[in-house]
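Chains as they are written, first to last, in our numbering: chain A, 4 to 84; chain B, 1356 to 1944; chain C, 297 to 793.
The hints are simulated quantities; they were obtained by calculation from the structure and are not laboratory data. Don't take each hint at face value.
[Said to hold, decoys possible] No more than 16 Å apart at the CA atoms, straight line, and that leaves these computed lysine to aspartate or glutamate pairs for EDC-like: (1) B/Lys1833 / A/Asp83; (2) B/Lys1682 / B/Glu1600; (3) B/Lys1839 / A/Asp80; (4) B/Lys1761 / B/Glu1676; (5) A/Lys68 / B/Glu1685; (6) B/Lys1496 / A/Glu13; (7) A/Lys77 / B/Asp1472; (8) B/Lys1691 / B/Asp1762; (9) B/Lys1768 / B/Glu1676; (10) B/Lys1839 / A/Glu79; (11) B/Lys1797 / B/Asp1424; (12) B/Lys1449 / B/Glu1380; (13) B/Lys1761 / A/Asp80; (14) B/Lys1682 / B/Asp1545; (15) B/Lys1850 / A/Glu13; (16) A/Lys78 / B/Asp1762; (17) B/Lys1496 / A/Asp83; (18) B/Lys1682 / A/Asp80; (19) B/Lys1680 / B/Asp1545; (20) B/Lys1691 / A/Glu13; (21) B/Lys1839 / B/Glu1676; (22) C/Lys741 / B/Glu1676; (23) B/Lys1682 / A/Glu13; (24) B/Lys1839 / A/Asp83; (25) B/Lys1449 / B/Asp1793; (26) B/Lys1680 / B/Asp1424; (27) C/Lys323 / C/Glu405.
[To be verified] Far from chain B by the CB rule (all over 10 Å, computed), these chain C residues: (28) Ile300; (29) Glu456; (30) Lys512; (31) His531; (32) Leu705; (33) Phe739.
C-beta atoms are modelled at their ideal positions from N, C-alpha and C, and glycine is treated no differently.
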Amino acid sequence: MVRLLNYLNEHSVMLKRIFFVFLILTVVFDLYVKRHEMHFFGDAIIGFWSLFGIIGCLGMIIVCKGLSHVWLMKKEDYYDK
Amino acid sequence: MISSTVLIHPTTWFLGGAVLLPFLEKKDKLRKAVLIGIPLIAFTLIHWLPDSFGHVSYLGFDLVFGRVDRLTRVFLHVFTIMAFIGCIYGLHVKETGQHIAAFLYVGGSLGVTLCGDYLTLYIFWEMMAFSSVFLIWYRKKRQSIEAGFRYILVHTTGGLVLLAGIFLRYQNIHDLSFVQIATNGATFADYLIMIGFMLNAAVPPIHAWLPDAYPEASVTGAVFMCAFTTKTAVYVLARGFPGFEALAILGAIMTVYGVGYAVVENDARRILAYHIVSQVGYMVCGIGIGTAMAVNGAVAHAYAHIIYKGLLFMGAGAVLEMTGKSKLNELGGLYKRMPWAMVFTVIGGISISGFPLTSGFISKSMIIAAAGVSHHPVLMLMMDLAAVGTFLSVGIKLPYFIWFGKDSGVEAKDAPWNMNLGMAIAAFLCFFLGIFPDYLYKMLPYPVYWHPYNTYHLSETLQLLGFTGLGFFIMVKKLKPEPKINLDVDWFYRKGARAFLGFASRRVVPTNDWVNDVYRNIGMRATMALAKAFSWFDWEGIDWTVDGSAKGVVEGGNRLRSLMTGKIQHYIGAAVALTFIILILVVLI
Amino acid sequence: MDTIITSKIVLTPLIPFVSALLILASKNKPNLRESWSVFGAVLTFLSVVYFLPHLLAGGSYQYTLCTIYPGVSVKFHLDGLGILFAGTSSFLWIMAGFYCVGYMRGLDEHAQTRFYFCYAVAVGGAMGAAFSGNLFTLYLFYEIVSIFTYPLVAHHQDQEGYFGGRKYIVYLMFASKAFLLPAMVLVYVQCGTLDFAIGNIATGIFPHNAAPLLVKITYLLCIFGFAKAALMPMHGWLPAAMVAPTPVSALLHAVVVVKVGVFSIARVMLSVFGVNLLNQLGLGIFTAYLASFTIILASVIALTQNNLKMRLAYSTVSQLSYIILGVAMLTPNSITGGIIHITNHAFAKITLFFCAGAIFVATHKKNVSELGGIGWKMPFTMIAFGLASLSMIGVPPVSGFVTKWFLALGTLDIHNMILLTVILVSSLLNAGYFVPVVYTSFFGKPNPGDNTSPGFLEGSPLIMFMVIPLFFTAVASVLFGIYPDLFLKIINLMVVR
């Protein structure tokens, strides 16, 4: 199994391509999915959750890292003084 | 017969095991048999429990040690399974004390789950707190000892708030039974109880003890702790406070709060600890929403979470055990050296993120959908956002920086067989529940109409997870872990306690010392003066008359007293003078 | 509810005095001397137990030894409160008897005969106080306890011992002569008698037309006069008395001496003033706040003390005020809580002091910061310490929880949230200063320069003499928490009138 992972590691470019294809497929898949109950406006939009995923992810990283660097991050021995 | 009811209560077996273990220190095989056997016995026992048992009279109250319904059974089921897995994982631990602490802890948790009245709840609640603290202390590092002390103080405070609530509730309704509280009938006492429960569930702002203490616990200790304290709190909240809107809102906030910290933290177990806050948020939110589907979702999520969080802590623990490190900036590339641990941990990661075919998918989605169904779109979106963060922090970031990424060159062997076995069982369960969700759904308290595997949900989940992954790889450089900590609300009481102790030492103690010496500073001088003023009476004689037949004793006392300075005589003289003044006043008035 | 008049109840205070004389007589034969100590303790305890059945049936015992003049006599009258105090003290004297052997011989202490002699007389004084039937007898035996514990405090006869002893005796004597004596006189003048109203805690012995101001003055003189109860600011003698050898600190300053103090205050409040009068004049709630002040302040000071015995001393000051608080709230629940704490605290505190002494004999360590790693060398001791700490913190099912439960119910009966908060906050403070001792002893780093041999220090016979009693009392603390029914019944009979 370690060999499999080493193989994958070396062929990371191929992995990336497969990943992108997968992403496009999920959005396309969404086109054909039947919507049953609309609880929420986003349920009707195709690809809504993709957008939510990417924006949410990036937004979270930026906001959290930002807060951390600006305010909350301290050296590890902060409480020992 | 009381003895049969005692024996059928699973806690008794754990207590018995705890008492037995010290004697088995030299008998290794027998000890291991006990460690594995007792959770198995407990697991079988719970299937035969009657609906109500163990009524004991104490202090004039009727204690109910056993009250069993569907809600109880599902939690007992997962708690005993987790105890079993945890004991397998910890078989190699030589310190009996850790095993005893774990047994007492699990026993306490089962006791709380089974109890039917608040007094029994409180007894086992405190037992959980005081035994789990040892699981932190057994790590034996200076930080662990201090973290454990803070943990026990915080939990004692929470327990006292709970106790205050119990007392006030008793005063209001003269009934200690632990039943559901109506949302419109909650009194101040009930809110106090809820706060006490919320502390153990790590609801912000009283959550900081969790990320403070869990990373400092021992390797096996953390595995136990992640499962029991918070989920027992979820159980009691589900029992007592379903439908309280405050819980729904706080729960949703919790999910995002926990995940936010998890994204930026450095220590692997601290990330997981903050993540517990996030996942418990789902459960608290579900309980807060209160519909049958939401509560079902919360319970299902609790069940699944115990298993996969345990798995993740086992993985991080294995890394810690074999490399001595848990900080992400010091790890990387371990997949070559600990392949099995990696596989299992990754399974845990995808399960917690809610990939299809895993337990997370069938449980988390139920709560989120319940929020949607009951028209709480904001809560639903917050929980979805937290799902993004979950996958980001624990599904990708954590495995990436430990197992993949830049090789840190850390040397390690793969974990011992028992640790791998524990992880394997948990990983198996993650898939089992994901593929056959009905096994779990049948145990839930309310009938389940939810079908997780339909095309829409699959599409939604795959999109969400896929694009989160994309986001990670775009920002992977920004997410590089740094060896720093992030402050949380515990700043207030950590700094505050230091200030308080300073005040005590610098102001209170010197004042007290001065007061204690007052007799010497002021009293002596005043009495000396008074005594001299009255020294023209024969005080000896008057002294004896008042004491009457105690004369002999006083004489003996005088001889002893004459070992010291003569000042004593003057004190007594002055006191007797005072007596006579009062007597005179009384007679004349 | 009949009162039996029998001279047998004089036996209980008498047996310790006789033991003391026998101890004196066998001063050259140490084994015989120690045996008299233990034997006397066992006999005293058995004599207390002898009176229990009749008391459980709702009766009491009485005997007048001699009358000095009308209203002033040496009189004994036994009820539930008295038997609980006497039983606790005599039983723990048995434990202490064994413990002393280990301690005194382990440290090769001097003047052991004087030690055992004074020890026995002190306990005898406490028995007399427990059995006393009027204020005069109580005062008499109270003073006996003060005087005969002085040589025990100053035992080491060094600079520290003399200073500590002086502070001790001055505080106690000043308080008793300056406050108690006038108080006694005032009571006599107002009531015409000094006899306790045993069996009836509602009315006391004051007449209906007693002048309120005078009653209040008398009351204040009483509660500050009984300085042994360590109500602040009359508490300074207790830390000073820690210079004594630890068996003294354990039995006397955790059980006998301090409990004589709170017992006397409880007795005076219930059987001289009576619940109704105290309620009328608002003295109950006033005392409750005084006690609360002591509880919190003493606990805060305890947090800062590094010397283990000092920490325990301030903890005692704090815990004693629980008893006063309980009685002061004047409801059946709270009085039950206060009185049962006499026993609960006695067992837990004596365990804690026994542990401190055992540690000192085995390792010569006195400070909490020095205790690193000692839990592994003396596991039974530290486990006992842990159990007793749980009792002090009030964790169920150890006995301290029973106390806190009843005290809290009492605060609810009088609808006083401040007092409830005091009780809860003090539990937290207790955790704050007991938990560090436990974790330091098991998980702290041993001091550099310690012999790090993993020896099991509890194996030697002298240390065993100390460890077995302390483990016994620790287990008893747990048992009393699970089965408090006997004590509750005794108190119930007295309280529900």
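How the hints compare with the structure:
no., hint, in the structure
1, B/Lys1833 / A/Asp83, "violated (28 Å)"
2, B/Lys1682 / B/Glu1600, "violated (38 Å)"
3, B/Lys1839 / A/Asp80, "holds (9 Å)"
4, B/Lys1761 / B/Glu1676, "violated (21 Å)"
5, A/Lys68 / B/Glu1685, "violated (20 Å)"
6, B/Lys1496 / A/Glu13, "violated (40 Å)"
7, A/Lys77 / B/Asp1472, "violated (45 Å)"
8, B/Lys1691 / B/Asp1762, "holds (10 Å)"
9, B/Lys1768 / B/Glu1676, "holds (10 Å)"
10, B/Lys1839 / A/Glu79, "holds (5 Å)"
11, B/Lys1797 / B/Asp1424, "holds (14 Å)"
12, B/Lys1449 / B/Glu1380, "holds (9 Å)"
13, B/Lys1761 / A/Asp80, "violated (26 Å)"
14, B/Lys1682 / B/Asp1545, "violated (41 Å)"
15, B/Lys1850 / A/Glu13, "violated (50 Å)"
16, A/Lys78 / B/Asp1762, "violated (25 Å)"
17, B/Lys1496 / A/Asp83, "holds (14 Å)"
18, B/Lys1682 / A/Asp80, "holds (15 Å)"
19, B/Lys1680 / B/Asp1545, "violated (44 Å)"
20, B/Lys1691 / A/Glu13, "holds (14 Å)"
21, B/Lys1839 / B/Glu1676, "violated (22 Å)"
22, C/Lys741 / B/Glu1676, "violated (22 Å)"
23, B/Lys1682 / A/Glu13, "violated (26 Å)"
24, B/Lys1839 / A/Asp83, "holds (14 Å)"
25, B/Lys1449 / B/Asp1793, "violated (39 Å)"
26, B/Lys1680 / B/Asp1424, "violated (43 Å)"
27, C/Lys323 / C/Glu405, "holds (14 Å)"
28, Ile300, "holds (25 Å)"
29, Glu456, "holds (15 Å)"
30, Lys512, "holds (14 Å)"
31, His531, "violated (8 Å)"
32, Leu705, "violated (7 Å)"
33, Phe739, "violated (5 Å)"
Hint compliance for this structure: hints 1, 2, 4, 5, 6, 7, 13, 14, 15, 16, 19, 21, 22, 23, 25, 26, 31, 32, 33 are broken, all remaining hints hold.
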